[in-house]
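Peer 1: If you're matching them up, the sequences are chains A and B in order.
Sequential numbering of the first sequence, starting at 1, is according to our numbering.
Sequential numbering of the second sequence, starting at 1001, is according to our numbering.
The set of hints was computed from the structure by calculation and includes no laboratory data.
Quantities reported herein were computed from a predicted structural model and do not represent experimental measurements.
If a hint is listed, it holds; no wrong ones were tucked in.
Calculated cross-link-like contacts (lysine to aspartate or glutamate; reagent style DMTMM-like; alpha-carbon spacing at most 20 Å):
#, chain 1, residue 1, chain 2, residue 2
1, A, Lys70, A, Glu29
2, A, Lys112, A, Glu79
3, B, Lys1267, B, Asp1196
4, A, Lys112, B, Glu1064
5, A, Lys112, A, Glu139
6, B, Lys1267, B, Asp1240
7, B, Lys1267, B, Asp1152
8, B, Lys1207, A, Asp118
9, A, Lys112, A, Asp52
10, A, Lys70, B, Asp1040
11, B, Lys1207, B, Glu1064
12, A, Lys112, A, Asp146
13, B, Lys1207, A, Glu138
14, A, Lys112, B, Asp1066
15, A, Lys136, A, Asp118
16, B, Lys1207, A, Glu119
17, A, Lys70, A, Glu13
18, B, Lys1267, B, Glu1257
19, A, Lys70, A, Glu24
20, A, Lys70, A, Asp52
21, A, Lys112, B, Glu1062
Computed list of chain B residues with no C-beta within reach of chain A, every gap over 10 Å:
#, residue
22, Gly1014
23, Trp1108
24, Arg1160
25, Leu1243
Backbone N, C-alpha and C fix where the C-beta goes; we use that ideal spot for every residue, glycine too.
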Amino acid sequence: MSNTLNVNDHLYEFHSPAGTTLAETLRDELALTGTKVACAEGHCGACTVLVDGSPTLACITLAHSVGDAKVTTIEGLREHPMVESFVRSDALQCGFCTPGQIVSAVALVEAKAVPTRDEIRHAMAGNLCRCGAYPKIEEAIRTWQD
Amino acid sequence: MELRQASSATELDGATPVHGGTEVVPLLRAGLLSADTLIDIRPIVPRGISRERIGAGATLAELECDPQVPAALREACRLAASPQLRNMGSLAGNLLQATRCWYWRLNWPCRLHGGDECFAQEGEHREHAIVANDFCASGHPSDVAATLVALDAVLHTSTRTLPVAELYRLPTEDNRATTTLEPGELILEVEVPPCDASVYLKAMDRKRWAFPLVGVAAARSGDSTRIALAGVAPVPWLLDGELDDATPLPGNAYKVELAQALVRRAKTALASA
Ligand SMILES: Cc1cc2nc3c(=O)[nH]c(=O)nc-3n(C[C@H](O)[C@H](O)[C@H](O)COP(=O)(O)OP(=O)(O)OC[C@H]3O[C@@H](n4cnc5c(N)ncnc54)[C@H](O)[C@@H]3O)c2cc1C
Ligand code: SF4
Ligand code: FES
Ligand code: FES
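From just these sequences and the hints, can you work out the full model?
Peer 2: Okay, structure coming up:
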């Protein structure tokens, strides 16, 4: 299976053994530590990255199964206006869930620039926030183009 | 461990199939599944969707929004898991997900693990089964499986064709398996016969991203209606009667009323559909 990864338009070679997750490879081998791991079992969304544009849980994705697909992590979204919008709306407290929130939010607005409240809630339901910043996260997504 | 890519359905050679991995990877990491070789079956499992045939590799996210898919199945997918899991998880993988019973997930030596006790019957069982729960009291977690049973769907595997209900079996003393899938057998396609109307209703602890406490799928063709339930038995449960013969445990009798109410609502919805 493949031992290269296309992350944020860079090709990386990696050497982790089969069975290693994408989150472990990103963080421990490629030093891309923006992707967070909280539950490590697919429940919380902290580890969300885009795989060919779709929000995907890096903690339960096998690194070797990604193949040629394009991975986008929070590091690849530095210039995206959604980041600034989260800052403007103060859409975080501890910030641990924030990279995953922003990744999911970017996928949503790339599919539909002005989502409705229900669409925001449906698309963001897999990103839990222990600090309960939900109202501000929703506001950041509603106002990202301001 | 090794990970290979499959090139044909006949060369699995004892390897564990993995599609989206949303179930396989957590089970491996929890030590509930051991595998020397994983085989990535995405290249060989169809994933296209047409009016009557659905590739077993289609993701729940794809099913959720495809107008060719019957309404109940779309809704079951929309209400299942989380957006990321629906992007990753396949239809076949969903049908084959293991129980969410926490005793099983925490590797307690319960009956489903080959032991001689069902810890849930004496212990915590608020989310567990209210029928066929005497041996193992787990509640089947799949919204999708119950819906396909109500829709009377048929599975095409690498070796046979069978009604989806026959994929499941109640575990017994002699055979603890909850499915009839043979080693090396792959689910390839799901055939969904047309119906006049269908609905899926789901009771859960929060509005999004929760397993079904009770899920009710109903499908009507002409005068006949089929109803199947998630979360009430160790397997998707085809309803025959009114659940008057349910055998709830002390902590989950509420589910009987819940299920009966959802069944009434589903019938009303079908009548006006
Ligand atoms: C946190 C969480 C919450 C969830 N919530 C819900 C919910 O509310 N409702 C619901 O219905 N589901 C829910 N699910 C289940 C989820 O939908 C499934 O995990 C997913 O669909 C499995 O698909 P997969 O492709 O990732 O399977 P995999 O993990 O790849 O495989 C699962 C199993 O199926 C086998 N397999 C996969 N494909 C085939 C095939 N074609 N032929 C033969 N064997 C195959 C594998 O060997 C393995 O045993 C949840 C899952 C998680 C992790
Ligand atoms: S309900 Fe089934 S899986 Fe859970 S403890 Fe009892 S036997 Fe085990
Ligand atoms: S860390 Fe991946 S879902 Fe929680
Ligand atoms: S800001 Fe703390 S978990 Fe979301």
